[in-house]
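Student: Make the full structure from the sequences, and use the hints.
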Amino acid sequence: MQTEPGESSSSKRYATPEDWPKFQDVIVRLYVDENKTLEEVRQHMEEKHDFIATISMYKRQLASWNAFKNLRFDEVLQILRLKRQREAEHNKTSVFFVRDRKVEIDGLQIYISRNPSLYAKLESGEEPHSDAVRDVSCRTPAPLDSPLDSPSDLTEQHMRAEEKSPTVMPKPTSELHEDLIQFLRTYLSHGFESGTWVQSGSYCWTSRGHRGPAELLKSLLDRCMTAALSVDRQVEPAAIRHALDAPFSLLIRVFKNPPPEMIPRILCIAARLELIGRREIQGILLQFCSDLARALYGRSHSLCNFWKTLLDVPAAERNRAIVVVLTQCVSEFEEHLGASHSLSTEVYLLYFDAVERQNDPKTQAENLNSRLSKLDEQHIDHYVLAMLKFEHGLATCKSDLADGQLDKADDALSQVDPATLSPRDNSFRCVWLGYIRWMKGDITAAEKSYKDSVQAAKLTGSRDCVCEALFQLETFYLHRQEPLQAEGIRAERLNALRKLGAITWADQDTLLGKDTDASSKVTIIRIGSDASSETWDTSASTVMIEYHDLFNEVSAGV
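Straight run, no breaks: the sequence shown in full-length UniProt numbering ends on number 558.
Derived by calculation from the structure, the hints in this document are not laboratory data.
It cannot be assumed that every hint is accurate.
What the hints assert, rightly or not - Pairs of lysine-lysine residues, derived as DSSO-like cross-links and limited to a Cα-Cα distance of at most 30 Å, are as follows: (1) Lys-362 - Lys-374; (2) Lys-389 - Lys-440; (3) Lys-121 - Lys-308; (4) Lys-389 - Lys-374; (5) Lys-83 - Lys-171.
These numbers come from a predicted model, not from an experiment.
Tutor: Printed below as a string of structure tokens:
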């Protein structure tokens, strides 16, 4: 490629296909190992080796050599597959290599946090591209692993030494519980004392975004439940994966500006996922939280340590750890805000939903009555108070049902004023009324209640809430042996699920230092809705987990 005497620079000969292999090692070293830009590589090769090529030529040639500087989606998916497999089979840590280049864990965590759909594809069993399977390898790190290690450095002798070296014994679960509580206390104390969260007698939210991050968190967790409940509801896997993409991507925004109740709200959903048999989605959620905290805050941060410790708890014992943390959350929020504060009551309701709802109805009613007695109704948000009273009415209703007193059960919920409830909670109330009236044999009233539930759900602006109400109406028609009506509702439900769009939010413009009146609302959330902005209020549990198959107890002739 030397220029002939008298030849102008403009007529220099560009590299031919035969020239590239001679300089492959040099070009790859400059671009990948020394992290030079393509322009820097081009200049170096031209000045030092009289090797002339355009940027586009470099791009094509590097791609043909699989010399990629940055991780690619399928490569990270293959890393996650290998990591899960090795941990399940050998319980060992791993060092990963892509095309014989060691993968730095921090870069991997950042990539995962920016591509939340990775975990959804991992859980769905999606196979990475064959090139990624070929290019990704892993090794057990030697005891004195160094940044200079490469696959060639890990000799068989090192591997055997690692096999024989003593492993670190996992902590007992009781110690992990203590660590969880300590990290939780540290995290919450810092948030309350540093000014990260602004509070008054009637509210407490993040200093950046008002109630926006809290409402966004509720909505994206609703979406997780929609995806989880859809697994057994004749929904195609692609739609489920699509439903998970939106909440996981927005969870990044929440973690960057976390609301005070972020931990208990996520753990409440995690407990619910366990209850409905969707532990795999629970695992995706908790792992993603751990990865996000590490990528955003670093390994030494209390939030990072909290999620990592929770994942260290064996899966079979994790639900017990969640109960321990939620119990502590109730105490922590009461200590910082007081038992009568609206947010303390919301956190208690999260605890109730995940823990106490498993008790017998009489015990539930007693505990809720005790909680009501602690409140100063003049200073608590009226929607939060209505939620608590609704839960008390529901517990009383279930107690009457257990005693066979159907009329009393009906009265317990009929006497709840729908005007005091958010549309979400009213939709939930109507579902229960529909079930009770079905049990009473009043089919016309039952059908009306289920339809009222759908109408209330549509007022929320949330297709997630609508999907759940439609499923309950569809189930009613199936047990009524009315397949045509059931099929029509099912088609509407699946259509709503397919249209689940992005979760969007916007903050209400109010001053953080100024307390709002008791009737104020926040225009924040719309989930896949074409309707105008809806007002969203805090709500109790919206998913009818218990009594999901209770219709089976009723004879078809009722």
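Student: All hints, please: hold or fail.
Tutor: For each hint, the structure was consulted:
Annotation: proposed proximity of Lys-362 to Lys-374 holds, straight-line Cα distance about 19 Å (limit 30 Å). This hinted pair checks out: Lys-389 and Lys-440 have alpha carbons roughly 25 Å apart, not beyond 30 Å. Restraint check: the Cα-Cα separation between Lys-121 and Lys-308 comes to about 22 Å, which is no more than 30 Å; the hinted pair holds. Taking the CA atoms of Lys-389 and Lys-374, the gap is about 13 Å. The hint holds against a cut of 30 Å.
Restraint check for Lys-83 and Lys-171: the C-alpha separation of about 21 Å stays at or below 30 Å, so the hint holds.
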